[in-house]
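Asks: Heads up: the protein sequence lines correspond to chains A and B, in order. For the first sequence, position 395 (counting from the first letter as 1) is numbered 395 according to this note's numbering, and the numbering increases by one without interruption. For the second sequence, position 35 (counting from the first letter as 1) is numbered 35 according to this note's numbering, and the numbering increases by one without interruption.
These are computed hints drawn from the structure, not numbers from a lab. Just so you know, even glycine gets a beta-carbon here, dropped at the ideal spot from N, CA and C. Worth double-checking, as some hints may not be accurate.
From the structure, some residues in chain A lie toward chain B, with a derived Cβ separation under 7 angstroms [what the hints assert, rightly or not]:
1) Y59
2) D60
3) G63
4) F64
5) Q91
6) R94
7) P214
8) F309
9) D312
10) A313
11) P414
12) F415
13) I416
14) L417
15) E418
16) L419
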Amino acid sequence: MKRIALLGMPNTGKSTFFNRVSGASARVGNWPGITVDLMAAKLLLGGHIVEIIDLPGIYDLHGFSDDESVVRHFLENNDVDLAVIVLNGSQIDRQLSLALQVRALGLPCILLLNMSDEAKKSGITFNLPGMQQQLQMPVMQISAKHGNGCAEALKEAARHLAEKHPSPADIREQLKNDDTIENQMEAIVKSTVHYPAQLDDVVTSRIDRVLLHPWLGLPLFFAAMYLLFQFIFTLGTPLQEGIAWALDLFRADVLEPLLQPAPGWFSGLMLDGIYNGIGTVAAFIPIIVLFFLVMTMVEDSGYLSRAAFLVDALMAKMGLDGRGFVMMLMGFGCNVPALMGTRVMRSRNMRLLTMLVIPLSLCSARLQVFLFMTATLFTPKQAPLVLFSLYMVSFATIFLTAVIYKGRYSSTEPFILELPPYRFPTPRQIWLRGWQEVRHFLTRASKFIIIGVLLVWALTNFPSDVPAASAGTIAGMIGTWLAPVLNPVGIDGQLAIALIFGFVAKEIVVGALAVIYGLQGDALMQVMATKLDWVQGMSFMLFTLIYTPCLSTIATLKNESKSIGFMMLSLLWSLGLAWVVSFVFYQTARALGY
Amino acid sequence: MSDLSQLQPGAYAVICGIDADESLFQRLAALGFRIGKKIEVIRRASFNGPLHVRIGTTDIILRITEARRIQISQQ
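Can you build the whole structure from these sequences, using the hints too?
Replies: What follows is the structure, given as structure tokens:
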């Protein structure tokens, strides 16, 4: 099998080219010497099976950023037959250095000048034969977005697959050498690229004048975020409900009659264990698709970098950057896609810090629990204030966590970002991204989630001779056993069982309370109102807000960080913080005589 | 001589020195910050936020701390 590495600077459309040539066949793969996911696809090219790998966008082969070392480690540890270099044609004057650096390694290369449409619009013309001769590699113009020249580029690539190429060990040696490239670059650009007197960036400048306006910029940013948020969740919630409805229908009409003859424990295991696990996974699909549809638009249009520009001043104090802020806001909808979205951050430490704070955002699932609890324990006048205070606590815990951990996850990467011109992503780009992310979530997280759901089912259903979710089950025993820890925060045995259910997903906490108290709807609210006072209820809500968001979030944390240690840190930190906050609240309120 | 962080929006200058460690230097160089290049500040973000600058055909945002390391001379 032959291997082609795709190399290029950030924002040059390298991944767009990759998606175009690989279609939907791309897979996430692991590679020797590398800790991040890379996309790869297998193609049939000129009689060879060719694996094509989309390496992260980099500015410099010799740079020091995390992405640059990923690319170096990849080339030093994996045999590569051909390097396909994708550069932005209209920024060739500074991007050519990368092509020269790759060529200096001795790898067979072809150079693709992408965004031929933009170069054309700006009036830049290339003397391609001249450039080919000086670079000693094939040079072609393409538009990955519109597909122009992509097929020809692949054909050209096929012609160079059999060439002699250096081994990974040779490349390791080569990478130690450097320089002379700067001078070469200027000479080639001067003699082969013709620039018009003035580049036409008028449209981008005009949009920027409004969107980055000193006074209007931030309000517009928050308005845009609010609209995107509304779009995702007004469209996503009915879809989620639709999936839940379909799953319930299938369960009632097909699975339950089918499992009728089976013993009770078996149908319980299948229905409340495995089938519910599948349902938990499925509930995230619409939100993830919609989230990435929107994020692809925000990212590829060039607005994400601009949002970073607008809010960076606030975020820098927390050790985070502007892009982290966008993901954090999205976390208030659902933590899972927000965590996946942190992949746009290229510094690992910065990304870990952002991933550590996102689970503290009050997501829509937790909101459901709080709506129920506030309706039960507070008057309609008090309820909105209580909800508002919970949002404030959420922000406060995020801030506190960032400040405490920013030393540990300090990022050495300077905040210097390129602002690309505004672009319209094509629908194809958007759909491919949404689909890839869902597949990624399904393959990586579903097993973990289903096992977790099974475990909670077992805890709340065994031993089988007592009622489910009662004090006699293992969960009940854990609740009793934890009493010395949970009593000081006002959480009794029954609420402790609800918290164990809440570990799976916050959506099921209210349902769990119904099972635990053996009541539904208004009757449940009345009993809870008599059994709990508002201080206990508030303490329970604070605990629910801060302790682990849900199993899917934990699974995503593990996948995205590729570190069980990091996942455990997040888990234990939020548990500890939840306890401390609830303890301080409960004891203070009691001491004040409430 | 002054540094980039002092340049006002709309003003041009020429880069005459970059005082940075190797990793920052590499990054700046890759984005086109080189001695002798003309640089323009397009705008500055509110609350002492980042600068939006233009070098040649490339727009870049960078924080004040990094901008302080770039020496400029205004003709």
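Asks: State for each hint whether it applies.
Replies: Results of checking the hints against the structure:
Among the interface hints, the one on Y59 (chain A) holds; its C-beta lies about 3 angstroms from the nearest C-beta in chain B, closer than the 7 angstroms criterion. Checking D60 (chain A) against chain B by beta carbon gives a least distance of about 4 angstroms; that is within 7 angstroms, so the hint holds. Taking 7 angstroms as the C-beta contact cut-off toward chain B, the hint placing G63 (chain A) at the interface holds, the least distance being around 5 angstroms. For the restraint placing F64 (chain A) at the interface with chain B, the shortest Cβ-Cβ distance is roughly 4 angstroms, inside the 7 angstroms limit, so the hint holds.
Contact between Q91 (chain A) and chain B, as hinted, is supported at the beta carbon level, the nearest pair being about 6 angstroms apart and thus within 7 angstroms. With a cut of 7 angstroms, the hint placing R94 (chain A) at the interface with chain B holds, because the nearest CB-to-CB distance is about 4 angstroms. Hint on P214 (chain A) holds. Least Cβ distance to chain B is approximately 5 angstroms, under the 7 angstroms limit. Because the closest C-beta pair between F309 (chain A) and chain B is about 5 angstroms apart, less than 7 angstroms, the hint holds.
Of the supplied interface hints, the one on D312 (chain A) holds, with its beta-carbon coming within about 5 angstroms of a beta-carbon of chain B, less than 7 angstroms. Checking A313 (chain A) against chain B by beta carbon gives a least distance of about 3 angstroms; that is within 7 angstroms, so the hint holds. Among the interface hints, the one on P414 (chain A) holds; its C-beta lies about 5 angstroms from the nearest C-beta in chain B, closer than the 7 angstroms criterion. A hinted interface residue such as F415 (chain A) counts as satisfied when its beta carbon comes closer than 7 angstroms to some beta carbon of chain B; here the least separation is about 5 angstroms, so the hint holds.
Taking 7 angstroms as the C-beta contact cut-off toward chain B, the hint placing I416 (chain A) at the interface holds, the least distance being around 4 angstroms. Interface restraint check: L417 (chain A) against chain B, minimum CB-CB distance 5 angstroms, threshold 7 angstroms, status holds. Taken as an interface hint, E418 (chain A) checks out: its beta carbon lies about 6 angstroms from the nearest beta carbon of chain B, inside 7 angstroms. At its closest, the beta carbon of L419 (chain A) sits 4 angstroms from a beta carbon of chain B; the interface hint therefore holds under the 7 angstroms criterion.
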